[in-house]
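So the chains spell out like this:
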Amino acid sequence: MAPLRLSITSTLALVVLGIHALLLPALYFGLGIVIRDSHTELFVQNVRTLSRHLAEEMEGGDVPESKRRVADFLDLAILRGEGVYAELVDNGVSTRSNLNSPDLHWAGAEDFEFGQGGDFVYWIKLPVERPGHSAELRLGFDERPISAQIRLATRRILVALAVYLTIALSMALAFGIALSRPVLKLKRDARRIASGDYSRSMRLDTRVRELHELGADLENMRGELVGVGQRLSAEIDERKRGEVKHAELERRLRHRQRVETVGTLAGGIAHEINNALLPIMLLAESALAELPEGSAMRPDLEGILSSARRAKEIVAKVLTFSREAGQAQLERLDLEPVTREALRLFGMLVPSSVDVRFDIDGPCPPVIADAALTVQLIMNLCTNGYQAMNGQFGKLSLSLRVERVEAGEGQPAAGDYVVLSVTDTGHGMDAATLEHIFEPFFTTREVGQGSGLGLAVVHGIAESFGATILVESAVGRGSTFRVYFPVADRAVGSTTEARDLSGVRV
Amino acid sequence: MKDVLIIDDDDSVRAALKRVLERAGHSVRTAESGADGLRELRDRCADVVITDIIMPGQHGVDAIKAIAKEFPRARIVAISGGGNYGVGEYKPNAITTTAYLTAARNAGAHAVLKKPFETRDLLDAIGGAGKEDR
Numbered sequence: 001m002a003p004l005r006l007s008i009t010s011t012l013a014l015v016v017l018g019i020h021a022l023l024l025p026a027l028y029f030g031l032g033i034v035i036r037d038s039h040t041e042l043f044v045q046n047v048r049t050l051s052r053h054l055a056e057e058m059e060g061g062d063v064p065e066s067k068r069r070v071a072d073f074l075d076l077a078i079l080r081g082e083g084v085y086a087e088l089v090d091n092g093v094s095t096r097s098n099l100n101s102p103d104l105h106w107a108g109a110e111d112f113e114f115g116q117g118g119d120f121v122y123w124i125k126l127p128v129e130r131p132g133h134s135a136e137l138r139l140g141f142d143e144r145p146i147s148a149q150i151r152l153a154t155r156r157i158l159v160a161l162a163v164y165l166t167i168a169l170s171m172a173l174a175f176g177i178a179l180s181r182p183v184l185k186l187k188r189d190a191r192r193i194a195s196g197d198y199s200r201s202m203r204l205d206t207r208v209r210e211l212h213e214l215g216a217d218l219e220n221m222r223g224e225l226v227g228v229g230q231r232l233s234a235e236i237d238e239r240k241r242g243e244v245k246h247a248e249l250e251r252r253l254r255h256r257q258r259v260e261t262v263g264t265l266a267g268g269i270a271h272e273i274n275n276a277l278l279p280i281m282l283l284a285e286s287a288l289a290e291l292p293e294g295s296a297m298r299p300d301l302e303g304i305l306s307s308a309r310r311a312k313e314i315v316a317k318v319l320t321f322s323r324e325a326g327q328a329q330l331e332r333l334d335l336e337p338v339t340r341e342a343l344r345l346f347g348m349l350v351p352s353s354v355d356v357r358f359d360i361d362g363p364c365p366p367v368i369a370d371a372a373l374t375v376q377l378i379m380n381l382c383t384n385g386y387q388a389m390n391g392q393f394g395k396l397s398l399s400l401r402v403e404r405v406e407a408g409e410g411q412p413a414a415g416d417y418v419v420l421s422v423t424d425t426g427h428g429m430d431a432a433t434l435e436h437i438f439e440p441f442f443t444t445r446e447v448g449q450g451s452g453l454g455l456a457v458v459h460g461i462a463e464s465f466g467a468t469i470l471v472e473s474a475v476g477r478g479s480t481f482r483v484y485f486p487v488a489d490r491a492v493g494s495t496t497e498a499r500d501l502s503g504v505r506v
Numbered sequence: 001m002k003d004v005l006i007i008d009d010d011d012s013v014r015a016a017l018k019r020v021l022e023r024a025g026h027s028v029r030t031a032e033s034g035a036d037g038l039r040e041l042r043d044r045c046a047d048v049v050i051t052d053i054i055m056p057g058q059h060g061v062d063a064i065k066a067i068a069k070e071f072p073r074a075r076i077v078a079i080s081g082g083g084n085y086g087v088g089e090y091k092p093n094a095i096t097t098t099a100y101l102t103a104a105r106n107a108g109a110h111a112v113l114k115k116p117f118e119t120r121d122l123l124d125a126i127g128g129a130g131k132e133d134r
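In order, the protein sequence lines correspond to chains B and P. Start counting the first sequence at 1; every next residue gets the next number (the working numbering). Start counting the second sequence at 1; every next residue gets the next number (the working numbering).
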């Protein structure tokens with residue numbers, strides 16, 4: 001069975017009712033006793049005083065001797081007080097008042113307490129000293145007016161208590177409502193928040209301090225929630241933008257691969273055609289030089305020569321086209337996601353014997369570069385590092401950090417850079433090797449194991465971004481390649497032609 | 001008259017160069033690879049060595065270095081068929097024919113020529129009347 005749950009208002013009403021159910025009857029009966037006692041005591045005092053006066057008057061010399069006078073006197077006694085009965089017993093002779101109720105009779109020795117005897121009469125018996133003997137004065141007083149006063153007083157108390165209870169209950173209800181109204185508001189607001197609406201303030205307009213503080217605390221919590229919500233939605237937006245960027249990067253990589261495929265074909269074909277064109281041109285020229293002026297074969301050879309020259313131009317155009325199609329798209333670029341993408345791709349190629357680590361030193365400002373080419377640059381550097389380990393276990397550490405370079409010998413131009421470092425634990429290089437590593441076809445590996453183009457490509461790509469490469473290496477101690485990407489706000493113009501390789505700084 | 005050694009893996013290129021140069025009055029020997037060329041030179045030095053840069057097996061840059069080191073008096077002319085040759089190694093932005101030829105110069109070539117070239121350019125390069133780097 002579910003526990004009984006009561007609202008604040010009904011709880012307060014029940015508590016008030018419960019308390020008063022005990023308190024009010026006690027109060028009522030207590031007050032009743034006090035009122036009854038005080039009334040009866042006063043009554044008893046009054047009638048006793050009156051009775052004693054009567055008795056004293058009868059003892060004095062004024063007291064008439066005759067029965068009649070006694071009866072008159074008694075009549076007066078009844079008339080003066082609230083007496084309903086008067087009797088003087090003198091020497092066995094009973095004199096009664098004419099005003100006595102005929103059905104009233106002396107109740108005897110027992111009935112001398114208020115309310116006793118059930119006859120609504122308070123009996124008093126007093127001795128009266130007569131000359132030579134003692135008489136007895138018997139008086140009876142009506143108890144009913146006093147009883148009526150007592151009843152009236154207790155009834156008034158009952159009414160007062162009922163009014164009091166009504167007021168107490170009303171106050172309890174009002175207080176309950178005052179308490180529950182802000183609580184109900186909190187409930188509504190909490191439900192609204194649960195359903196995702198953070199717009200309403202949780203502050204409470206109440207005089208109850210605890211509720212006011214609770215409202216203020218909840219309002220602070222709401223503020224936090226709104227902040228958290230805003231941060232979350234900002235993060236989600238950021239992630240979405242990241243996904244869009246990621247998709248864009250993938251699209252460009254695919255595009256570049258297509259261009260490279262076409263370029264590879266074009267380059268290969270161009271090489272063959274150029275080789276084939278060379279003998280045609282040289283031999284036709286040679287033959288022309290041998291022919292006498294006006295020979296009928298001269299126009300034929302000139303035709304061959306001009307067609308060969310035209311073919312040469314076409315090949316040059318195809319090469320130019322494929323080169324232009326693959327030109328770098330320089331843009332503001334955040335290196336961190338690009339590096340992670342390159343590492344993801346590299347991770348697919350590298351065996352687990354190589355421990356690849358990436359460490360970024362806080363957020364890096366954007367640089368000017370081509371995303372797809374940067375991926376290629378990083379992958380080539382990683383591949384170079386991996387190959388330097390000769391298949392042994394090793395560590396490849398990448399890092400990104402911001403560095404300010406002051407002007408100095410053997411340094412990039414002064415300015416701010418994002419520096420990409422690739423450190424391997426491979427065999428390292430001596431100074432003579434270092435001088436040539438960026439030259440095409442330069443390789444320390446056996447023929448067929450490496451193309452000797454990887455680092456030349458790295459250099460070409462870096463040059464096209466205006467980036468500088470510094471290399472540190474020692475035989476047996478591995479190598480560190482540092483690529484200095486100028487930060488975007490001091491952007492460097494695009495260069496897609498590879499530069500003179502003698503300018504390599506190592 | 002000069003003693004010329006031609007190193008190129010392409011038969012027709014070797015034959016054409018030999019014919020043109022002989023007709024111009026030079027004495028010509030040929031070799032199919034850098035290694036063959038070095039053997040020929042060790043047998044008898046040449047005044048001029050014409051070598052291709054991109055060849056299967058050993059590429060011309062190494063051959064140029066070796067020749068420049070061993071035969072410093074020989075004039076070296078590097079020729080390239082252009083294109084960024086090599087399956088899977090074509091890098092349109094990174095390496096151009098110019099870069100290859102620059103590498104050849106750095107390795108010790110006195111003159112560089114892009115294939116196909118005119119007879120006059122060839123004769124100029126051999127005679128030293130063309131662009132000089134040293």
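None of these hints come from the bench; they were simulated from the model. Fair warning: there could be bad hints in the mix.
Derived CB-CB ranges, DEER-like [said to hold, decoys possible]:
| no. | chain 1 | residue 1 | chain 2 | residue 2 | range |
| --- | --- | --- | --- | --- | --- |
| 1 | B | 407 | P | 123 | 44 to 54 angstroms |
| 2 | P | 123 | B | 261 | 35 to 45 angstroms |
| 3 | B | 303 | P | 42 | 49 to 59 angstroms |
Some residues of chain B that are not near chain P, with every Cβ distance over 12 angstroms (derived) [as the list claims (entries may be wrong)]:
| no. | residue |
| --- | --- |
| 4 | 41 |
| 5 | 127 |
| 6 | 217 |
| 7 | 221 |
| 8 | 290 |
| 9 | 343 |
| 10 | 435 |
By construction, the Cβ of each residue, glycine as well, lies at the ideal position given by its N, Cα and C atoms.
Cross-check of the supplied hints:
For the hinted restraint 44 to 54 angstroms between residue 407 (chain B) and residue 123 (chain P), the CB-CB distance of approximately 48 angstroms keeps it satisfied. About 39 angstroms separates the C-beta atoms of residue 123 (chain P) and residue 261 (chain B), a value consistent with the hinted range of 35 to 45 angstroms. Look at residue 303 (chain B) against residue 42 (chain P): about 44 angstroms separates their beta carbons, and that is not inside 49 to 59 angstroms. Here residue 41 (chain B) stays apart from chain P, with its beta-carbon at least about 123 angstroms from theirs, past the 12 angstroms limit.
Non-interface call for residue 127 (chain B) relative to chain P: holds, since the shortest CB-CB distance, roughly 146 angstroms, exceeds 12 angstroms. No beta-carbon of chain P is positioned within 12 angstroms of the beta-carbon of residue 217 (chain B); the least distance is around 61 angstroms. Remark: the non-interface label on residue 221 (chain B) is consistent with the geometry, its nearest Cβ contact in chain P lying 56 angstroms away (cut-off 12 angstroms). For residue 290 (chain B), the shortest C-beta to C-beta distance to chain P comes to about 8 angstroms, within the 12 angstroms cut-off, and the non-interface label is violated.
The Cβ of residue 343 (chain B) sits about 20 angstroms from the closest Cβ of chain P, beyond the 12 angstroms cut-off, so the non-interface label holds. Not every C-beta of chain P lies more than 12 angstroms from that of residue 435 (chain B), the closest at about 10 angstroms, which undercuts listing it as non-interface.
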